[in-house]
Every structure is written in structure tokens, then in C-alpha cells.
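Asker: Could you put the whole structure together from the sequences, leaning on the hints where they help?
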Amino acid sequence: MNDLTFLQQYWWFLVSLLGALLVFLMFVQGGQSLIWTLGRTEEQRRMLLLATGRKWELTFTTLVTFGGAFFASFPLFYSTSFGGAYWVWVIILLCFVIQAVSYEFQLRRGNVLGTTTYRLFLLLNGILGPLLIGTAVGTFFTGAEFVVNKAAVASPAMPVISYWVGPWHGLEAALVPQNLMLGMSVLLLTRVLACLYFLGCMDDETLRENCRRRLRIESGFFLLFFLTWLVRWLLSAGFAYEPGSGFVYMETYKYLHNLLAMPGVAALLLIGVLLVLGGMAGGFYGRRRAFWLAGPGSVLVVLALLLCAGWNNTAYYPSVASLQSSLTIANSSSSLFTLKTMTIVSFIIPAVLAYIAWAWRALDRDPITAEEAESEH
Amino acid sequence: MEPIDSSLVDWSRAQFALTAMYHWLFVPLTLGLGVVMAIMETLYVRTGREFWKRTAQFWMKLFGINFAMGVATGIILEFEFGTNWSNYSWFVGDIFGAPLAIEGILAFFMESTFIAVMYFGWNKVSKRAHLASTWLTIIGATISAWWILVANAWMQHPVGMEFNPDTVRNEMVDFAAVAFSPVAVVKFCHTVSSSWVLGAVFVVGVSCWYLLCGRHCEFALSSIRVAAWFGLFAALITAHTGHQSGRDIALYQPMKLAAAEGLYEGGTEQGLVLGGILRPGADWTAGSDDRFLLKVELPYALSYLATHDLQGYVPGIRNLLEGGYKLPDGSVALSAEEMMKRGRVAIDALAKYRAASTPEEKAAALAVLRANFPWFGYGYLKSPGELVPSVPLTFYSFRIMVMLGGYFIVLFAGLLLLGQRVTRWKLVQLAVVLTIPLAWLASQAGWVVAEVGRQPWAIQGLLPNVAAISRLDVSSVQTTFYIFLALFTLLLVAELGIMGKAIAAGPETDSTSA
Ligand code: HEM
Chain A
1 MNDLTFLQQY WWFLVSLLGA LLVFLMFVQG GQSLIWTLGR TEEQRRMLLL
51 ATGRKWELTF TTLVTFGGAF FASFPLFYST SFGGAYWVWV IILLCFVIQA
101 VSYEFQLRRG NVLGTTTYRL FLLLNGILGP LLIGTAVGTF FTGAEFVVNK
151 AAVASPAMPV ISYWVGPWHG LEAALVPQNL MLGMSVLLLT RVLACLYFLG
201 CMDDETLREN CRRRLRIESG FFLLFFLTWL VRWLLSAGFA YEPGSGFVYM
251 ETYKYLHNLL AMPGVAALLL IGVLLVLGGM AGGFYGRRRA FWLAGPGSVL
301 VVLALLLCAG WNNTAYYPSV ASLQSSLTIA NSSSSLFTLK TMTIVSFIIP
351 AVLAYIAWAW RALDRDPITA EEAESEH
Chain B
1 MEPIDSSLVD WSRAQFALTA MYHWLFVPLT LGLGVVMAIM ETLYVRTGRE
51 FWKRTAQFWM KLFGINFAMG VATGIILEFE FGTNWSNYSW FVGDIFGAPL
101 AIEGILAFFM ESTFIAVMYF GWNKVSKRAH LASTWLTIIG ATISAWWILV
151 ANAWMQHPVG MEFNPDTVRN EMVDFAAVAF SPVAVVKFCH TVSSSWVLGA
201 VFVVGVSCWY LLCGRHCEFA LSSIRVAAWF GLFAALITAH TGHQSGRDIA
251 LYQPMKLAAA EGLYEGGTEQ GLVLGGILRP GADWTAGSDD RFLLKVELPY
301 ALSYLATHDL QGYVPGIRNL LEGGYKLPDG SVALSAEEMM KRGRVAIDAL
351 AKYRAASTPE EKAAALAVLR ANFPWFGYGY LKSPGELVPS VPLTFYSFRI
401 MVMLGGYFIV LFAGLLLLGQ RVTRWKLVQL AVVLTIPLAW LASQAGWVVA
451 EVGRQPWAIQ GLLPNVAAIS RLDVSSVQTT FYIFLALFTL LLVAELGIMG
501 KAIAAGPETD STSA
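Line by line, the protein sequences give chains A and B.
Counted the way the numbering used here counts, the first sequence spans residues 1 to 377.
Counted the way the numbering used here counts, the second sequence spans residues 1 to 514.
Hints are computed from structural coordinates only; laboratory data are not their basis.
Mixed in with the good hints there might be a few duds.
[As the list claims (entries may be wrong)] One-sided excerpt, in silico: chain A residues whose CB lies under 8 Å from chain B:
| # | residue |
| --- | --- |
| 1 | TYR78 |
| 2 | VAL101 |
| 3 | TYR355 |
Positions of the beta carbon are idealized from the N, C-alpha and C atoms, including for glycine.
Answerer: Shown next, in the form of C-alpha cells:
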């Protein structure tokens with residue numbers, strides 16, 4: 001507990017886990033992006049929205065907590081990325097603002113904008129949310145355009161320590177094919193997970209058949225994008241640093257080396273990929289529980305990738321504008337005292353997971369019927 | 001290097017104020033209405049009367065509509081510290097981040113998990129499990145208020161940290177001092193109790209509207225009975241904790257107190273301004289004219305409030321700028337100029353420390369830095385006048401809040417005294433309906449006092465706004481300001497439309513009322 005390096009690793013693990021859970025829970029977004037694709041009738045659309053409507057707050061809360069935990073454990077990331085890649089984050093946030101009201105407002109009388117507008121909001125959130133978050137996370141491996149100079153605090157005229165070099169404030173990330181490919185992979189993964197979730201919780205055979213058919217298409221595209229991204233990632237050079245001096249340099253095959261150096265993480269990745277594939281296969285056969293293979297599988301995959309971004313002396317938020325400004329878990333973390341305090345708080349997490357599991361089971365015990373979807377409004 | 005554009009600071013502040021004030025339209029209703037509906041569901045579980053279930057469900061419906069807006073406006077705030085106050089996030093993130101993270105882990109998950117059970121679980125979990133979920137939703141919301149107010153209180157009165165020149169930031173050294181700071185405790189109690197008042201005003205207001213229309217009378221009278229007791233209790237706590245807040249700002253933010261009181265020349269035996277009109281356009285940073293057109297004072301009361309002594313000395317704005325008076329610890333107050341000078345020495349020492357090449361140079365610079373660190377933030381200011389917040393805004397907001405606080409006590413007590421007879425008093429019913437917006441006015445006014453009154457500080461005495469911002473183009477912040485303004489206003493209109501329709505439709509209690 002008194003070892004700063006250990007706590008930095010531990011908090012990188014927790015932040016990665018939250019990120020991984022977020023991607024998994026974004027099946028809600030995937031579902032929203034498929035409202036009209038899967039729901040051919042109003043009744044079906046209501047059923048789909050009831051299913052995701054009982055879960056959206058969990059995803060939302062995970063996103064908010066991910067932000068809070070990142071702030072508390074690696075404040076320099078929070079200040080550099082949010083303050084610099086301003087436009088990307090603002091657009092992501094706006095997507096979530098419109099989501100937050102849409103479930104509650106869509107079917108209420110007097111909602112001014114009409115049901116379809118709120119559902120379009122959900123569609124927008126469903127597509128842009130995962131796409132942009134995935135693209136932004138892509139920069140963990142490809143770099144971003146910022147400079148950090150802590151000494152600036154001592155110059156009263158311009159005391160801001162980190163700033164963005166380019167004029168696009170983060171939007172430029174979308175021009176990097178590798179980032180975009182990761183964004184597309186996340187989006188498609190959330191759609192795959194959504195199909196599997198609906199397959200499991202719907203009491204309507206036509207709807208389940210729609211999901212099954214859709215699942216094949218989404219899975220195909222997901223594998224295409226993800227595997228291309230993965231291969232390029234394994235072959236790419238990465239951002240490494242020397243543990244003592246913190247000096248950042250480029251290393252060929254860095255991420256491949258990370259997997260070899262951390263066999264546990266490599267195993268997570270492999271098991272995760274297999275579970276996702278298993279979940280998809282189960283879904284093709286209409287298995288109700290296939291979601292519970294692919295869901296945890298995607299958590300493992302994302303967790304492994306994020307651990308590769310930050311562990312094993314890797315700069316997790318590299319700067320392409322000034323290599324030595326790159327953020328590592330060592331140079332961007334909170335103090336030993338704060339990390340220790342937060343670590344004690346983190347011991348509560350299992351209790352939180354336990355009541356979430358209780359509530360999830362209680363609400364999902366019976367499949368969703370058309371009557372239930374009708375009576376909820 | 002280009003210096004910071006002052007309009008960037010203004011726009012960043014405007015955006016934060018806009019988003020925070022919008023958020024604060026919804027949060028107090030969540031906190032207040034949440035308790036009322038949980039009490040009603042408790043009555044249902046205890047008595048088994050279907051009437052209470054329907055009553056609770058009606059208020060829950062309104063709660064849900066409002067809650068959605070609270071969530072929508074809240075997410076922006078969580079990230080705005082990073083997007084628009086990035087330097088702040090680094091300079092104090094080591095302390096400030098922790099409450100935000102704990103809020104997420106401890107409170108937000110509780111809220112968001114159990115609210116789903118509350119809405120979707122009526123037929124899926126037992127009666128008692130449902131009741132527990134309702135209470136856990138509102139307890140989660142209240143715990144969340146605790147942590148965010150800990151963070152806010154820390155900005156008003158920073159404690160439990162130490163500056164680290166190597167990382168160039170403040171680092172936490174005492175978590176308990178941060179999490180249980182007396183300022184945080186008072187702030188939490190005042191904010192939450194005042195939100196209960198707001199929730200209670202909302203419930204009695206809507207109920208009186210039904211009485212005026214002659215509909216749902218049993219529902220309305222029962223709701224009024226529960227809410228008026230709750231409201232009276234809350235309003236008394238609000239007044240008490242408000243008084244304690246006044247004492248806190250006298251101790252830790254004397255400039256805020258001076259601005260709230262319009263006190264330019266301080267002294268002993270100071271009276272509290274009960275009501276007054278300020279001279280428009282008066283300069284509060286210099287000169288010696290009379291700044292009031294009219295004022296009514298309660299003699300000695302300000303001295304008593306600030307020092308617990310009728311004769312106590314309370315510094316005014318001029319005294320705070322010029323210094324020279326005796327502080328409670330016996331030392332003599334420094335002038336603003338002197339503090340700014342020492343602040344510049346501290347900042348300069350930090351630069352020397354970072355540039356030093358030998359351990360001796362480092363040690364020497366560090367000694368100077370430590371000796372002058374208490375005034376570090378003053379080194380970023382350009383003129384003493386910057387230390388004076390907007391007096392009219394603070395002064396009038398304070399009066400509005402306190403006067404309405406008194407009025408709410410009378411209102412709830414009156415409703416309790418009238419009991420069932422309120423059905424005969426149309427005028428009272430109308431007055432109660434018209435009181436609804438006043439609760440929001442009081443609550444927003446409270447935040448104006450707290451936040452405008454502490455300008456120019458992002459963190460009192462440590463970091464002024466100008467050194468707290470993100471380095472962005474002004475046009476970017478302007479654009480997002482207008483986007484948020486348009487979007488939140490649109491959603492607010494929609495929310496009001498939905499609320500209006502839901503209230504007009506009324507509860508489904510009539511068929512079940514005994
Ligand atoms: C009854 C007499 C009242 C007194 C003496 C009083 C006093 C105060 C003071 C001195 C502050 C500033 C605290 C600071 O800057 O740290 C404050 C803030 C505030 N007040 Fe009041 N208040 C009263 C009534 C109310 C009422 C009725 C409401 C709303 C219904 C309210 C809501 C607030 C809020 C939301 C804040 C900002 C949060 C905070 O700083 O605590 N107050 N009040």
C-alpha cells in the first residue's frame with residue numbers, strides 16, 4: 001500500500017476495468033442505434049426501448065464514474081485531454097445529454113418535440129457515443145497533439161500547463177484511420193451485444209428472429225474492423241518510457257512486446273476474444289444466454305487492450321506534438337496519499353457490484369412482453 | 001507567449017454559471033421531492049392503503065421527469081472541470097478529484113441502480129424491497145450531494161493539503177480534514193435542508209392548485225399535511241444552518257460577507273442590513289461616498305453574527321483592501337498590495353526552484369516559496385480591485401434568500417394551523433401556488449451569494465479564475481456556451497410541458513380513496 005508504483009498500476013487497472021465495463025454496458029447504445037432496424041412495428045420499438053430503458057442509467061453512471069475515477073487517479077490526463085481535445089469531449093457529452101432525457105420524455109404528453117425526435121436523439125447517442133469514445137480511445141495508441149509544461153504555473157501571464165497544438169481540439173483524431181477503425185469496432189461491438197441482449201430478454205419470436213438475422217451482419221462487420229485494427233496494432237510501433245528517468249521513446253512492436261511480457265494480459269485478450277466469438281455463435285443459434293458469453297468476453301478484451309496501453313512502461317496518452325510531454329501512469333498520477341485513500345474507498349466496489357447484480361436479476365427475471373411494454377407508459 | 005485573454009475567463013465563468021444554474025433547477029427538487037415521496041410510500045407500506053401508493057406514484061412520476069433533467073445537466077458539470085478548468089484540475093486535482101470519484105462509486109451507482117427498481121420493480125420485487133429501493137434512490141442522491149458539497153466547501157475554504165513544488169500542485173495530506181471539514185458539514189446541511197424546503201413548497205403548491213380547481217381534494221390535503229410538516233422542519237434547519245454559514249464566511253471569506261452586507265467601511269458594533277437599496281453605479285473598490293440610497297439595520301447584529309460579540313469588529317471592503325486592522329489571532333491584517341507582492345515573490349521562488357541547478361539553490365528557493373505560499377494566489381492578480389466581487393449581485397441575492405427563508409417558515413406554519421380549513425381559503429391557495437417559483441428563486445440566490453461572493457477565487461486565496469482555466473479559443477467557449485444555452489432551454493421547455501400535462505392529468509387516487 002505504500003508503494004506508489006504499485007498503486008499507479010492498481011489504479012490503471014481500475015480505470016481500465018471501468019472503461020471495459022463501459023464498453024460492455026454500451027450495449028444500451030448499440031440497442032438504441034438499432035431501434036428502427038430491429039423494431040419494425042411500434043409495439044416492437046416499445047419493447048426494445050423498455051429493455052434498454054431499464055439499463056441506460058447504469059451505462060451513464062459508469063461513464064460518469066469513469067470520468068471521476070480518472071480525475072482522481074490520473075488528474076493530468078483529465079486536465080490535458082478534456083481541456084485540450086475539447087470538441088471531441090463536448091460532442092460526446094452532448095450525445096449523452098440528449099440521451100438522458102429521451103427515455104423519460106419520449107412517450108410523455110406535452111413533450112414539445114414529439115416522440116420521433118427523442119428517438120432520433122437515442123439513435124444519435126447510440127451511434128455517436130460508441131463511435132467517438134472508441135475513436136478517442138484510439139489516441140491512446142496513436143497519440144494526440146498536446147504539450148505539457150508544468151513550469152508554466154510560475155508564469156502569471158500564461159499559467160496554463162497543458163495545451164493543444166492544432167486548431168481542431170481533438171477532432172483531428174477522427175482523421176487517423178486506425179482511431180476510426182477502433183471507433184467503428186466499438187460501435188459494431190455494442191450492436192452485436194445489443195442483438196444478443198435482446199435475444200435473451202424478449203418474449204416475441206419475430207423480434208428475436210430479427211435480432212438473429214441482424215447479428216450475423218453486425219458480427220461480420222465487427223470482425224472485419226476489429227481484426228484489421230488488432231493486426232495493425234500488433235505490428236505498430238508504440239510509445240515506451242524508461243522507468244527511472246521517464247524518458248519517452250518509440251519502440252517497434254511495442255504492444256506485441258507488451259503482450260509477450262505480460263502473458264496474463266495476453267491470456268485475458270485471448271479468452272476475451274474466444275468468449276466474444278462463442279457468444280456470437282450462440283446467438284446465431286438463438287441461445288438466450290449468449291449475451292453472458294460475449295458480454296464478459298468484451299470486458300476482458302477491452303481490459304487487456306487498456307492494460308497494454310498503460311502497463312509495462314508504456315505511455316498511455318502519447319503526445320505526437322512533443323514526445324516528452326506524453327502521459328504515463330508514473331508522471332500523471334495523484335499523490336501516494338490520495339491513491340492510498342482512494343484505494344481504501346475502492347474496496348467498496350464489490351458491494352456496489354453485488355447490489356447492481358441483484359437489481360439486474362430482479363428486473364430481468366421474466367422476458368419482456370408486448371403487454372408489459374404497453375403498460376409501462 | 002500570449003497572455004490570457006480576459007474574455008476567455010469571463011466566457012468560461014459564464015458557461016460554468018449557466019450549466020451549474022441549470023443543473024441546480026433540478027437537483028433541489030430531486031432531493032426534496034424524493035424524501036416526500038419516500039415518506040408517502042412508507043405510509044403505504046405501513047397502512048396498506050392503496051391511496052398512499054397512488055399518491056406516492058404520482059409524485060414519483062414528477063420526480064422521474066425532473067430527475068432526467070438533473071442527470072442530463074449534471075454530466076456536463078462532471079467533465080467541465082476538465083474541459084474548461086484544466087489548470088485547476090491539475091493544480092488541485094489531487095484533492096478535488098477524490099470526492100468526485102467517491103461520489104460516482106458510492107452515490108451515483110446507488111441512485112441509478114435503485115431508481116430503476118423504483119420505476120420498473122413494482123410487480124417484480126416485494127413491497128419492502130421496493131420501499132427500500134425508493135429510500136436508497138434518495139439516499140444515494142443525498143450522498144452524492146454530500147461529496148460534491150465537500151468539493152465545493154474545499155474551494156471556499158481549502159484545508160488538508162500541501163503544495164508540492166516538484167509536481168507543481170497541491171496534494172492531499174489529510175483526507176478527514178477535507179471530507180469532514182466543518183464548512184462542508186454546514187454547507188451540506190444548509191443545501192440539503194433548503195432543497196427539502198423547495199421540494200415541500202412544490203408539493204404544497206401543486207396540491208393547492210388542485211384545491212383551487214376543486215379536484216383530487218383528499219389527495220391534496222394529505223399531501224399538504226405531509227409536506228407542510230416536512231417543510232416546516234426543513235425551513236427551521238435551513239434558517240439555523242444559514243446562520244452558521246454566515247459565521248463561516250465571516251471567518252473564512254470576510255470579503256464575501258462584506259459584499260453580501262454592502263459593508264464598505266467596517267468597524268465595531270456593526271448592524272445587519274435588513275433591507276436596503278444600493279446607489280446604482282457606486283464604485284466599491286475605492287472612494288468614500290455613501291453607497292446606500294436607503295437601508296434598515298438591525299443594530300449590533302452583524303457584529304454578533306460574525307464574532308459572537310455585540311462589540312465585535314467586522315472589516316468592510318475598504319479595510320480588507322487596505323489592511324491594518326487587528327485580526328482575531330492578534331496579528332495585523334496585510335493590505336491587498338502587500339499580499340499581491342508576497343504572492344509574486346512566491347511564484348517567482350517557484351520558478352527559481354524549478355530552474356535551480358544545485359541543491360543549495362533549490363533549498364533557498366524553497367524556503368522563500370514556503371514563507372510566502374499563503375499568498376501564492378494573490379500573485380496572479382493585477383490590481384487590488386480584482387479582489388472585490390460584484391456587491392449588488394451578492395447583496396440583493398442574500399436579501400432575497402433570507403427574506404424568503406422567513407416567509408417559508410410562516411407559510412408552512414400557517415398551512416399546518418389551517419389544516420383542513422385551507423379548502424375554504426381560496427386566496428391562501430392561490431398564494432401557495434404562486435410561491436412555487438419563489439423556492440427556486442431563493443435557492444438560486446443562495447448559490448449566487450456563495451459563488452459570486454467569492455470572486456475572483458476559484459479556490460479561496462490559492463488560485464484565482466484567471467489561473468484556473470483551459471487554454472482555448474474564446475470562440476470555442478462562446479460556441480459551447482450558446483449550444484448549452486439553446487439545448488438546455490429547449491429541454492427545459494419540454495420538461496415544463498410534460499410536468500404541466502402530468503399535473504393537469506392528476507393522480508389516479510380518486511377511485512381508490514377511502
Ligand atoms: C433563512 C435564512 C437563511 C440564511 C441566514 C441563509 C444564509 C446563507 C449563507 C450565509 C449562504 C452562503 C454560504 C457560503 O457562501 O458558503 C447561503 C447559501 C445558500 N443558501 Fe441560504 N440562507 C437562508 C435561507 C435559504 C433558503 C430559504 C434557501 C432555499 C430554499 C437557501 C439556499 C441556499 C443555497 C442553495 C446556498 C448555496 C449553498 C451554500 O453555500 O450553502 N437559503 N445561505
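Asker: The structure should be examined with respect to each hint, and the outcome stated for every one.
Answerer: Hint check results:
| no. | hint | verdict |
| --- | --- | --- |
| 1 | TYR78 | 5 Å, holds |
| 2 | VAL101 | 5 Å, holds |
| 3 | TYR355 | 6 Å, holds |
Consistency with the previously given hints is maintained throughout, with no hint failing.
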